[in-house]
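Listed below are the residues making up each chain.
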Amino acid sequence: MASITSARVLRPVGVAGGLFAFALDVVRGLFRRPFQLREFLQQAWFIASVTIIPTALVAIPFGAVIALQVGSLIKQFGAQSFTGSASVLAVIQQAAPIGTALLIAGAGGSAIAADLGARKIREELDAMMVLGIDPIQRLVVPRVLACMLVSVFLNGLVSVVGVAGGYVFNVILQDGTPGAYIASFTALAQLPDLYVGFIKAAVFGLIAAIVASYKGMSAGGGPKGVGDAVNESVVITFLLLFVVNFVISTIYLQLVPPKTG
Amino acid sequence: MGVEIKIENLTKSFGKQVIWGDVSLTIPAGEISVMLGPSGTGKSVLLKTLIGLLKPDHGSVIIEGTDIASCPEKELYEIRKLFGVLFQDGAMFGSMNLYDNVAFPLREHTKKSESQIRDVVMEKMDLVGLLGAEDKLPGEISGGMRKRAGLARALVLDPEIVLFDEPDSGLDPVRTAFLNQLIIDLNAQIDATFLIVTHDINTARTVPDNIGLLYHRHLAMFGPREMLLASEEPVVRQFLNAQRVGPIGMSEEKDADELAAESGQELPPLPPIPMQLEPSNGIPRRSQREPGAWCRENGVTPPPGSFESSNAGMAPGS
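Which chain is which? The protein sequence lines are H and U, in order.
FYI, in my numbering the residues of the first sequence are 1 to 261.
FYI, in my numbering the residues of the second sequence are 1001 to 1318.
Since the hints were derived computationally from the structure, they do not count as laboratory data.
Please note: incorrect hints may appear among the correct ones.
One-sided excerpt, in silico: chain U residues whose CB lies under 8 Å from chain H [to be verified]:
#1 ILE1051
#2 PHE1083
#3 VAL1085
#4 GLU1108
#5 HIS1109
Computed from a predicted model, the values in this text were never measured in an experiment.
C-beta: ideal position from N, C-alpha, C; glycine also.
Work out the full structure, taking the sequences as your base and the hints as a guide.
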């Protein structure tokens, strides 16, 4: 009985360890040649095609909500001239990477987990290993790099669409002054804010792809196993991404002094 | 010319459940061996251990002086180039057509030009009778064709060892018979070591040079075909003749009560040993032995009617 309980309690530790070991294998695979350029381009195209439209659609209300919230809050402080700056800061530092993360995990990651899971249960991965080809190098590394690249691009997309959405809502719904909104952009925001947004997006893409690949490649037990793997990969990715976002944000705020307008 | 596989004291368990323990056998070079066993006795697990996809708990699998069970990953990928494996469902890559599937190992491992690759692929496709289906996707063809395509891919690097995971599962009797003939012809042609995992009795009785039987978490017996087909050992006899009377029950081994109830029953006589399948061109394989040779050498009298037809002793109804 005790052993059953301990096995149950320790199982998550095993999963975490397995995931970490897998991540190390992927890092090692990054440097192994030949690099699978074709697979990389195909995957980048595929991930982009499943994420771009949902991302754009999510980014508009995301930017709008932040603009509305920040706008009304700032009005109460009587600092309307900073509305643009505050919402830009919020969108670029937090909303864009998080929005990207949600879509990369939800659309890109689930597609990767389903694809690799299906290959796993059809024994395609075994067949590949038997043919002397390492699936981590052949399949996972290109997917991880593709996911990182696409998340950085998506982050840019969300930033632009979010800021534009915020502008429209601020100007139309909250009677903001267009000139003041744009003029205040640089009052609080600075270039490192943009850099950290992109770094976050790349890290999120890395985590999403590694978790999805790991879960997909360890799927078992027939079609249901694939479904479970997809489900778990999305949930685990979300959890990890929010924790990592918190950690990166904290470090950033400690390291980079805020711009004093 | 084929390579010998030496398995020593192999033990594998998942968690606390022992799949099989202390399996020791030597699969002779260039011969066809069949590994039999009731469902769920870990035949496929054994196959995957032989190619290093699963790590055993103890023991070793020695191929050309390298221990698959403990060698580093790099050597493992090298030694796997000796292998061709036919997976249960063919394990074709779903995103590529049959031609690209079969060409895949050549493109990854050799520096052959596309026209050389084309020659090799077409030769193997011809061998398994799939010429004309190169452009089909694996999802578009029948299970039997997928298996044959998987076989073509397994053969494309001229393997020294070919492993078959249930080549006859899900195939009709006619296709199974064709596939069995193909296995014999292939062995005559390439002289590689063949290991077939199956629970199809007709395949086991007529195709191999050697038979092994996994049962109740151990290797019950491994040896020449005639030795097992003439064996009076209860498990071997029950399984090879598809009988209900014997130690194997519906779920696992039978309990003491059931066995005691059977103790008075007369066992049906051993059916005659069938002829082994011969290559279709009539030229004997290098590892082929004369019918009845083992029985004569070891002073065993084969059941009456043995070696008269290749259908002798088939399970009723097949």
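Next on the checklist: Quick check on U/HIS1109 please, does its C-beta sit within 8 Å of some C-beta on chain H?
Outcome noted: holds, 6 Å
Checklist entry - Once the shortest beta carbon distance from U/PHE1083 to chain H is found, is it less than 8 Å? => result The hint holds - U/PHE1083 has a Cβ within 8 Å of chain H, the shortest such distance being about 6 Å.
Checklist entry - Against chain H, with CB atoms and a cut of 8 Å, does the hint on U/ILE1051 hold up? => result Result: holds, 5 Å to nearest chain H Cβ.
Checklist entry - Does U/VAL1085 pass the interface check with chain H, least Cβ-Cβ distance below 8 Å? => result holds, 5 Å
Next on the checklist: Holds or violated: the hint that U/GLU1108 contacts chain H, with Cβ atoms closer than 8 Å.
Outcome noted: For U/GLU1108, the interface hint holds, since the closest Cβ of chain H sits about 6 Å away, which is under 8 Å.
The structure is consistent with each of the numbered hints, conforming to all of them.
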